[in-house]
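Residue numbers (the numbering used here), protein chains in the order written: chain A, 1 to 314; chain B, 315 to 739.
Hints are not guaranteed to be accurate.
Computed cross-link-like contacts, DSS-like style, restricted to lysine-lysine with a CA-CA straight-line distance of at most 25 Å [stated by the list, open to error]:
| id | chain 1 | residue 1 | chain 2 | residue 2 |
| --- | --- | --- | --- | --- |
| 1 | A | 201 | B | 712 |
| 2 | B | 494 | A | 13 |
| 3 | A | 215 | A | 256 |
| 4 | A | 181 | A | 7 |
| 5 | B | 494 | B | 468 |
| 6 | A | 7 | B | 454 |
| 7 | B | 510 | A | 227 |
| 8 | A | 287 | A | 40 |
| 9 | B | 712 | A | 87 |
| 10 | B | 724 | A | 96 |
No lab work stands behind these hints: they were computed from the structure.
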Amino acid sequence: MEPWQKKHILGIKDLTREEMETIFKIAHSFRELSQREVKKAPALRGKTIVNLFFENSTRTKISFELAGKRLSADVLNFSSNMSSLNKGETIVDTIKNLESYHPDILVIRIGYSHSLINLSQYTSASIVNAGDGSNEHPTQCLLDMFTVQQEKGALEDLRVLIVGDIMHSRVARSNIFGFQKFNSRVSVCAPPTLIPYDFEKLGVEIHDDLDQALKEADVVIMLRIQKERQQESFFPSIREYVENFSLTPERLKKAKKDCLILHPGPVNWDVEISSQLKEIVHPLILKQVENGLAVRMAVLYLVGTRKREYEISD
Amino acid sequence: MKLAIRNAHIVNHDKKIRGDILIHNNRIETVGEVREKVDKEIDAQGKYVLPGFIDLHTHLRSPGREDTEDLYSGSRAAAKGGFTTIFCMPNTTPALDNEGLAQWITEQARSIGLVDIYPVGAISKGRQGKELTEFGGLKKAGCLSLSDDGDSLKNSSLMRRAIEYAKMFGLLIISHCEDKTLSAGGVMREGAISSKYGIRGIPCASEAIMVFRDIELTRYLNARIHIAHISTQRSVEIIRAAKAQGVNVTCETAPHYMILTDHDVEANNFHGNWKVNPPLGSHEDRAALTRALAEGVIDCIATDHAPHSEEEKNLPFEEAPCGFIGLEWAFALSYTGLVKKKVLTLGQLVEKMSYNPARIAGFSDKGYIRPENTADMVIVDLDCPEKIERTDIVSKSKNSPFLGREVQAKVVCTIHQGKVVYRAG
Ligand SMILES: [Zn+2]
């Protein structure tokens, strides 16, 4: 493998297919580590990682925190639920202040889309994007693809369908760019109000009929729907959304037998997915969580040891 | 006091001659050959003399944000850019919505004396879109035009009253066209790029809808209107059709809409320095705007000079304020982007920056170099490649998407009311 070059992991957009394959390889070995009795590796000993969460997220934060700790790094958590006033200023100040502690990696969750590259000028640390507005959530995409790779054996030439609030979803965007890099075809399915303008220019197919869209899919990613979207009139009611876009046992029958159902969690049961499907879809969703840890360890490891040669056998 | 400019290429919008200009106090006395003895001479050999530029759309931030610009720094920036007359928008704090404040601007500008500054009065009190301001009082204080710039009047009925009532005073209504229910929350043009990055977009329909509404009101009331900073192909098409039907509408666009697009926003990583309202459009918009300018659908170029502090412009894109400084390089950028690329002739650029703005604002003695007219002119060097540098900025606001860009022309001297108010160092 080529030595890792990238200082930051800001989005799947900026990663090459080779870099993604490297991450999957390393994640694979960390996955095994997590199944051992002693679950710790010394790879990032002496390094400081700050989890900087300007938006609520328990799951992603826990996953990153554990990933850092399993690699023996010192992990600091900083969460801030900011008032709406002077948010941007607060963020810039916080990053400047943290610089005094000489952190090696900042894991950042932030409400502003594609804002991390400009914020990177205020720190010498590597930045790992843990979700930036509606732009990207690269580690979620990597864990989704890592899971698909395990289940399907390969990532090429698949038909991937993403269902739900595409417009506001960083998970959707990262997965679109990710799967496209492996020559898989990505479709999205949602009410037209939740499809971004000119979205077909990204090379995705657009559907509003879930029954039709499901037929050819090898992988289906169901997105979490935010109840507030109804108040903003993206659709008139949850009831009508469910009627048209919820994954039900009847709908699932129309899909291929070996079709994978993924969800970034937490699932709103009976909204995105019928609770009758819990037993069928839950095991894979849990596996996603487990893989999330391995992928985040891989990402932290790669950017954290970037300057040194690393030795991991294939 | 007599001043002669000798050996110049004198360029009006419709005519180019070589010769001398004699200025007597603040008036042009002779254009052609000047033999008599004068107090002062400027040799303009190899240079071009154009009528002083007139900017119908600037923000001078006074009162309220003098940390980003004030009447003096704004006047200096204008003079450096070759502008001799500028109109300052009323979205100040407090809003420029009464006779007293307008009078204060007029008097301050006069005592600074570098360029003519005409305050644009607000249409509605506090720019709240609820009640009309006293148009008569604003006119007495020196206003020639009115605008709630920064906002459209949401209430169509109030806009109707404003257009009607302004007729009585011969005041020009300048309309900022934006349907804020459509643009709310948006920070760049809605399109493939905003969609790709999950950034909330402003649909081009937001501008077009208000352009259409205000034109329709103007047609209905048999009045006149000037549309500010148009940025989209659709607005061009609507205005083109209205003009063909004889509606008394004029419009402006700004240099950045003919040079930059949303691709530049992406290429510069969504830095606040590329954020402006109306937002930078698509390649198609840019092409349509430059074509419309050449065809005369767009009457003039205005800067929409909008200074902001560097600190604010460095905020995350979604929070950074909108606007670019524009006075200092408007001519250089337009010359480089339009005349050098053969979109416009030099005469047409003079028409867009001097002659037409003078007609729209109602000046009969500006915008053309001829005897009797006010001696407002600018001397430019059209063969002077130069890079736009931060250290050259005289505006208080030191950020611009054009920093580092090469331009092909330079303002070397600005003459306002017969006095040299700027000379390139
Ligand atoms: Zn405006």
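Quick rundown of the hints versus the structure:
1. A:201 with B:712: Violated, at about 36 Å.
2. B:494 with A:13: Violated, because 32 Å separates the two Cα atoms, which is more than 25 Å.
3. A:215 with A:256: It holds: about 7 Å lies between the C-alpha atoms, which stays within 25 Å.
4. A:181 with A:7: Since the Cα atoms of residue 181 (chain A) and residue 7 (chain A) sit roughly 21 Å apart, the hinted pair holds (cutoff 25 Å).
5. B:494 with B:468: 8 Å, holds
6. A:7 with B:454: 62 Å, violated
7. B:510 with A:227: 24 Å, holds
8. A:287 with A:40: 20 Å, holds
9. B:712 with A:87: With a Cα-Cα distance of about 23 Å, the restraint between residue 712 (chain B) and residue 87 (chain A) holds, given a limit of 25 Å.
10. B:724 with A:96: Given that 25 Å is the threshold and the Cα spacing comes to 40 Å, the pair is violated.
Consistency with the previously given hints fails for numbers 1, 2, 6 and 10, ordered from lowest to highest.
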